[in-house]
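Converting from the first sequence to the numbering used here requires adding 4 to each position, the first position being numbered 1.
Keep in mind that the hints are not guaranteed to be accurate.
Only pairs whose alpha carbons sit at most 25 Å apart, straight line, appear in this in silico SDA-like list of lysine to any residue [what the hints assert, rightly or not]:
id : residue 1 : residue 2
1  : K583      : E105
2  : K548      : A507
3  : K236      : A51
4  : K63       : A51
5  : K75       : D409
6  : K433      : D278
7  : K574      : N455
8  : K510      : M447
9  : K511      : N496
10 : K89       : K412
11 : K486      : L378
12 : K35       : N496
13 : K486      : W215
14 : K412      : K548
15 : K236      : D304
Derived Cβ-Cβ restraints for the label pairs, each shown as a range [to be verified]:
id : residue 1 : residue 2 : range
16 : T533      : E362      : 49 to 57 Å
17 : Y472      : A188      : 48 to 56 Å
18 : E547      : K210      : 40 to 48 Å
19 : Q351      : H543      : 40 to 48 Å
20 : E362      : D24       : 53 to 61 Å
21 : Q205      : E488      : 54 to 62 Å
Keep in mind that the hints were calculated from the coordinates and are not lab data.
By construction, the Cβ of each residue, glycine as well, lies at the ideal position given by its N, Cα and C atoms.
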Amino acid sequence: MLKELVREKLREAMAKLGVDAPKIEISVPDKPEFGDLSSNVAFTIKAALKSSPREAGQKLVEQLDKSAFEKVEVVGPGFINFFLKRESVLEVLSEVLLQRETYGKLALGSGKRAQVEWVSANPTGPLHIGHFRQAVLGDVISRLLQNAGYDLTREYYFNNAGQQMRRLGNSVKARYLEILELPAQFPEDGYQGEYIYEIAQMIRDKHGSSWQERDAVQFKEFAEAALFTEIKETLKRLFRLAENKVFDIYYNETWLYDEPDHKFVYVNNNQVLDSLRQADLAYDKEGAVWFKATAMGRPDDRVLVRSKGERDPTYRLPDIAYHVNKLMRGFDLVIDIFGADHLDTYQDVLAALRGLYERKKLPSSCNPEKIRVLIHQFVTLVSSGKPVKMSKRLANYITIDELIDELKSTVELDEAVKLYDSATQEAVKEDFAINVARYFILMRSPNSHVNFDLDLAKQQSKENPVYYIMYAYTRIAAIRDKYEPMSVATVNLDLLKEREELALLKKLDEFPSIVSDATEQLAPQFLTTYSYELARLVHDFYEKHRVISENQALTDARIQLLSAVQLVLKRCFELLELKAPERM
RNA sequence: GCGCCCGUAGCUCAGUAGGAUAGAGCGGCGGUUUCCUAAACCGCAGGCCGCAGGUUCGAUUCCUGCCGGGCGCACCA
């Protein structure tokens with residue numbers, strides 16, 4: 005890595021001056037006048053050298069081994085700008101071609117275990133737009149962690165007991181009776197969606213009218229199974245994973261209640277509620293059990309066990325228990341992904357864990373610092389310039405499948421692709437639709453509100469960034485199809501001299517640090533941006549220089565360059581799970 | 001009222017663990033194709049980075065206050 009090279013040289017020079025900086029920041033300047041790489045380290049050592057940043061920079065540069073650089077300048081208030089020798093830049097190519105598929109793999113998580121929990125929707129309906137962002141985010145974050153070497157568990161937490169599910173059962177039963185033209189009372193708070201009819205119809209198809217006396221519980225179970233199947237299908241489609249890879253564990257909340265009296269939520273025979281009491285974090289009031297959240301700096305105490313009805317726990321107690329469970333399972337890193345609506349909840353959970361940990365009610369290995377919570381803001385679906393109002397109860401929301409189908413419906417196929425059979429054409433459309441859906445949501449920072457303009461996404465078959473990036477890949481593929489490259493050893497890379505060629509190489513060099521930043525900051529958008537920038541440089545190069553030419557040696561060198569670029573593009577696609585077409 | 005997120009070009013959004021002259025796409029205007037896929041490339045126009053203070057050599061980035069938008073603030077999940 006060129007950054008590493010510069011950092012190393014700076015460190016050497018600083019050692020000669022007898023100073024040190026905890027971290028040396030190297031950045032890629034926006035402007036070519038500022039060099040290939042730049043450092044602001046002079047600002048951090050100015051005090052140690054008792055001089056101005058500019059003087060500090062000068063002193064540093066005097067001591068610097070400049071053999072790898074064309075020139076090194078101290079400019080402005082004290083920035084040190086490095087202009088790399090071409091030979092230094094060319095080394096990137098060898099490095100990429102040597103590392104191949106491992107280029108950009110990280111050691112961050114090697115030997116460590118991580119868990120990501122997301123989606124976690126209860127099976128009361130199909131996944132809709134509200135789940136879409138989270139689903140894709142979690143998928144990519146999982147892939148990033150795997151790339152970083154973590155032994156990863158993908159987990160989905162759900163609850164198939166309780167009031168919501170009862171409502172589901174009642175709703176389906178009512179619709180079933182309706183289909184049979186029997187008197188039915190649709191529950192006041194029932195699920196109104198069309199899918200309830202579909203499930204009822206499934207039961208009708210399978211069991212005829214024989215279920216009319218059955219209990220709502222059985223309808224619930226049938227509906228749950230049907231919906232879960234559908235949810236898994238949707239995610240399988242969106243993640244493009246085999247069914248058994250979509251999630252490793254579907255964790256049922258009821259697993260937390262593995263003692264006879266479920267009301268007190270056990271975890272590994274350790275009563276969470278008792279621990280909270282012992283830690284003076286829970287107390288009784290007005291017949292309910294409360295979490296003393298205020299003791300942990302939260303604004304209000306919360307009920308953990310209701311005084312009303314069956315004295316059931318509220319969701320907070322199992323949530324706390326579940327997180328204790330996660331910590332006890334020995335993960336080094338636990339990531340929760342929630343929508344902005346869960347903000348308050350998770351803070352209570354973390355507060356409880358901190359309290360238990362600080363008061364020694366959790367083993368020392370269960371430090372809640374291991375938990376990272378990624379909160380993402382909502383997506384507003386915009387259609388005909390207006391936000392689409394959504395209500396789950398009335399079921400006037402767009403499902404993930406509908407979104408993908410919608411995007412798919414407007415994909416225009418190239419003439420060449422139209423020659424293939426219809427299944428292949430279908431697959432090409434499906435790939436594009438999923439690419440578009442994933443990329444569009446990933447390119448935005450998770451904590452910014454996003455408008456997803458359906459009309460725009462549909463129309464954008466030609467102008468949208470996804471096609472742009474894919475096209476860069478395809479252009480390379482087309483060239484490589486036409487030419488059989490020589491082995492790297494016999495190629496004279498020194499022939500690569502054009503500005504556009506060197507720009508590509510410098511961009512390739514950035515890849516590992518981009519991956520690293522994206523992983524550490526849980527920020528997939530760094531990668532979408534990067535792949536766009538790399539694609540831009542590909543198009544720029546392509547327009548200005550011919551690859552296959554009379555000049556055999558130069559052709560070979562350029563083919564090698566493009567191979568490396570293609571490799572890195574492919575690595576980006578792999579991490580984002582975008583499917584690169586060989587033709588488009 | 002309290003907590004968190006956001007406010008950057010006409011529109012949609014990147015960027016910000018403090019750095020130099022703030023970016024992209026779309027939209028607008030103009031140009032480029034006998035040549036590996038023009039789904040491309042090049043150029044122009046477009047900005048008090050919500051407002052006001054503070055910290056700093058330096059703030060779009062950090063702090064405080066205000067304004068505007070979103071989401072929460074159940075003995076629902």
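Each hint tested on the structure:
1. K583 x E105: Holds: K583 and E105 sit about 16 Å apart, inside 25 Å.
2. K548 x A507: holds (13 Å)
3. K236 x A51: violated (59 Å)
4. K63 x A51: Status holds; Cα separation ~13 Å.
5. K75 x D409: Distance ~55 Å between K75 and D409 Cα, so the pair is violated.
6. K433 x D278: violated (55 Å)
7. K574 x N455: With Cα atoms ~28 Å apart, K574 and N455 exceed 25 Å; violated.
8. K510 x M447: Holds, at about 22 Å.
9. K511 x N496: Satisfied, since the Cα-Cα distance of roughly 21 Å is no more than 25 Å.
10. K89 x K412: Measuring from Cα to Cα gives roughly 47 Å; hence the hint is violated.
11. K486 x L378: violated (46 Å)
12. K35 x N496: violated (30 Å)
13. K486 x W215: violated (64 Å)
14. K412 x K548: violated (34 Å)
15. K236 x D304: violated (37 Å)
16. T533 x E362: 49 to 57 Å: Taking Cβ atoms as reference, T533 and E362 lie about 40 Å apart, which means the hint is violated.
17. Y472 x A188: 48 to 56 Å: holds (53 Å)
18. E547 x K210: 40 to 48 Å: violated (60 Å)
19. Q351 x H543: 40 to 48 Å: holds (46 Å)
20. E362 x D24: 53 to 61 Å: violated (35 Å)
21. Q205 x E488: 54 to 62 Å: holds (57 Å)
The structure does not agree with the numbered hints 3, 5, 6, 7, 10, 11, 12, 13, 14, 15, 16, 18 and 20 stated previously, though it agrees with the rest.
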